[in-house]
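A.B. asks: Letter by letter, the chains look like this.
Number of protein chains: 2
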Amino acid sequence: MSTQSCPRVLALSGGVGGAKLAHGLYSILPDWQLQIVVNTGDDFEHLGLHISPDIDTLLYTLSGLANPATGWGRDGEQWLCMEALSQLGEADWFQLGDRDLAMHLSRSHRLRQGSTLTQITQYQAERLSIQARITPMSDDPVPTRVHTDAGQLDFQHYFVKERCLPQVHALEYTGADAAQPAPAALAALQEETLEAVIICPSNPYLSIAPILALPGFREALRNTRAPVIAVSPLVNRKAIKGPTDKIMRELSIQVSSASIANHYADCLDGLVIDYSEQTLAHTLPLPTLVTNTLMQNNDDRCQLAHACLNFASELKQAKNQNRAFS
Amino acid sequence: MSTQSCPRVLALSGGVGGAKLAHGLYSILPDWQLQIVVNTGDDFEHLGLHISPDIDTLLYTLSGLANPATGWGRDGEQWLCMEALSQLGEADWFQLGDRDLAMHLSRSHRLRQGSTLTQITQYQAERLSIQARITPMSDDPVPTRVHTDAGQLDFQHYFVKERCLPQVHALEYTGADAAQPAPAALAALQEETLEAVIICPSNPYLSIAPILALPGFREALRNTRAPVIAVSPLVNRKAIKGPTDKIMRELSIQVSSASIANHYADCLDGLVIDYSEQTLAHTLPLPTLVTNTLMQNNDDRCQLAHACLNFASELKQAKNQNRAFS
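Protein sequences, first through last, are from chains A and B.
So the first sequence is numbered by my numbering: it starts at 1 and just counts up by one.
So the second sequence is numbered by my numbering: it starts at 1 and just counts up by one.
Note that these hints are calculated values from the structure, not bench results.
Heads up, a few of these hints could be off.
To be verified - Ranges of calculated distance between the beta carbons of each label pair, as one might list FRET restraints:
(1) A/216 x B/93: 54 to 60 Å
(2) B/93 x A/259: 53 to 59 Å
(3) A/86 x B/183: 40 to 46 Å
(4) A/300 x B/92: 34 to 40 Å
(5) A/161 x B/163: 41 to 47 Å
(6) A/92 x B/183: 29 to 35 Å
Unchecked claim - To spell it out: a stretch of chain B is covered by chain A in this simulated footprint if at least three of its residues, at any positions, have a beta carbon under 8 Å from a beta carbon of chain A; those stretches are:
(7) 77–83
(8) 204–215
Computed from a predicted structure; not experimentally measured.
Heads up, the beta-carbon is just placed ideally off N, CA and C, and yes, glycines get one too.
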């Protein structure tokens, strides 16, 4: 089956920035050559629904259903159910669009019937005619807990309800130690034919760290023959969207792409940074590509994707030579 | 609490016809003087949601949220979620409106959290500012099974998916024997202050029979001091809506209000029939009121409610005299 064939490119993604680059890669690669491992640390139960925000964002983005204004949720969305839920006194701090609800209903129903998140995501991607393999990082729950000055918060409480306002002391990827990383992700990393692993410009601490916290995942990333490159989410020392830079400051991490390189450290063969951070380039201890990382439209996404694949291609030769000599 | 006070009138209801008369009674009675026992034989699980169509219809009708064109569902409804569910390949034979979905989500979530259907219905009625007590017939599942020439069908499969087309051989109120009838309904029937029990012009076989099949319910109805009157759902020997007359023919029951009287038999002190069936009046073995039972607008609902209460008031005196002599 085409969905089971070996991908040429493996991307790690979470959030809106991640989905944008994944979309760029998806747009320029032939069908079924892209596999995306998605963060599920943001997943939560809400009104009896299993909500996987990062999977949804990716499915909507790749199928062209995403709301272009927000980057999350669906285009042409309406909120009649939400309004009626409020009228019934139900929690209304998490926005559930009428169209979006179908995804949560379908997923929750199928989970209760015994399907795995991986199976369901693959099914939903097929229904939305997506010709890429989307792999949740794990079928086991690994809910991110945010330790803040307002107490320990579930991720969505911190992120949506509290709008990232509390100061973060630590992040905890609950259950990661005992979780089984997606076999399809580990298998892809071992493939000889894999040409690139691209860590998308997602929040390194909230979106990518949960994936790397899974047993064996970081090691698999270190051992893959393909070059591993990360795209720094910082532009002008700020995150385009979301609390990356705020969290870095709160965790006493210097807000710089150098810190991003350091975060991925031993896994990384190359870093992609924005023009606005180019003065860093010569100070970094690894190959660095300077380009435009701000994705304001589809062309930007495709150009960044191209740049990443070319960069990976250069690095691949070097990596395999090193490997041959080591 | 006002919601706990004794009702003056107890109505048994299911479906659109039942909700219309219940609404008439609700409109003319002072707050909290009406209690409505609702059929839950139509309840079913769909896409992980617990759907109680007759409770929903009643809640929407009494709160003024019902769709006036259909009688069921909500006014100003839209179907974006349904459209997205179809896109995801989920079952779409049962219409779930975007606003309506909130009711199912709220109920399903609260059931999973351990609340009873009775508690949830009371909560929802309060949220919708309904000043009447709405009592699901039981908190135990009593799903109606329809034995047809197309096999045994779950009620909603027969009713919605198959549009009542298969020929009915028998109706089965599954689990009724072991179900606990709503204590609040039995208690109301024992109240000295109860002035009338009104069996609404619902489908006697699909909407009212499940209530009467609950252990002790029929006996409580026989023993109540209040007069029990039924409003025949037939006008011109046809049901206004739904398959009542079709089912009567298929079960070899004469399509006549006389058969309705016979169906309720020992429970009944009086029958209300439509002008179109008035030639029956002198042939029936019990007091009969002939009036307009077709409820095309709110005035019709109130007039029929008034007629029922007046009729009950006349019957009450006679019933209590008989009781004194017996």
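A.B. asks: In terms of beta carbon proximity below 8 Å, does the stretch 77–83 of chain B have 3 or more residues touching chain A?
C.D. replies: This one holds; 6 residues, not fewer than the three required, reach chain A with a Cβ under 8 Å.
A.B. asks: Cβ-Cβ distance between residue 161 of chain A and residue 163 of chain B: within 41 to 47 Å?
C.D. replies: For residue 161 of chain A and residue 163 of chain B the Cβ distance comes to about 44 Å; the hint holds.
A.B. asks: Taking the CB of residue 86 of chain A and the CB of residue 183 of chain B, does the distance hold inside 40 to 46 Å?
C.D. replies: 32 Å, violated
A.B. asks: Holds or violated: the 54 to 60 Å window for the beta-carbon distance between residue 216 of chain A and residue 93 of chain B?
C.D. replies: About 45 Å separates the Cβ atoms of residue 216 of chain A and residue 93 of chain B, which means 54 to 60 Å is violated.
A.B. asks: Is 34 to 40 Å right for how far apart the beta carbons of residue 300 of chain A and residue 92 of chain B are?
C.D. replies: 38 Å, holds
A.B. asks: Taking the CB of residue 93 of chain B and the CB of residue 259 of chain A, does the distance hold inside 53 to 59 Å?
C.D. replies: Roughly 54 Å apart at Cβ, these two residues keep to the hinted range, so it holds.
A.B. asks: Please count how many residues of the stretch 204–215 of chain B have a CB within 8 Å of a CB from chain A and say whether that reaches 3.
C.D. replies: Violated - the stretch 204–215 of chain B has 0 residues with a Cβ nearer than 8 Å to chain A, which falls short of three.
A.B. asks: Residue 92 of chain A and residue 183 of chain B, beta-carbon distance inside 29 to 35 Å?
C.D. replies: 33 Å, holds
Violated hints, in rising order: 1, 3, 8; the structure is consistent with all others.
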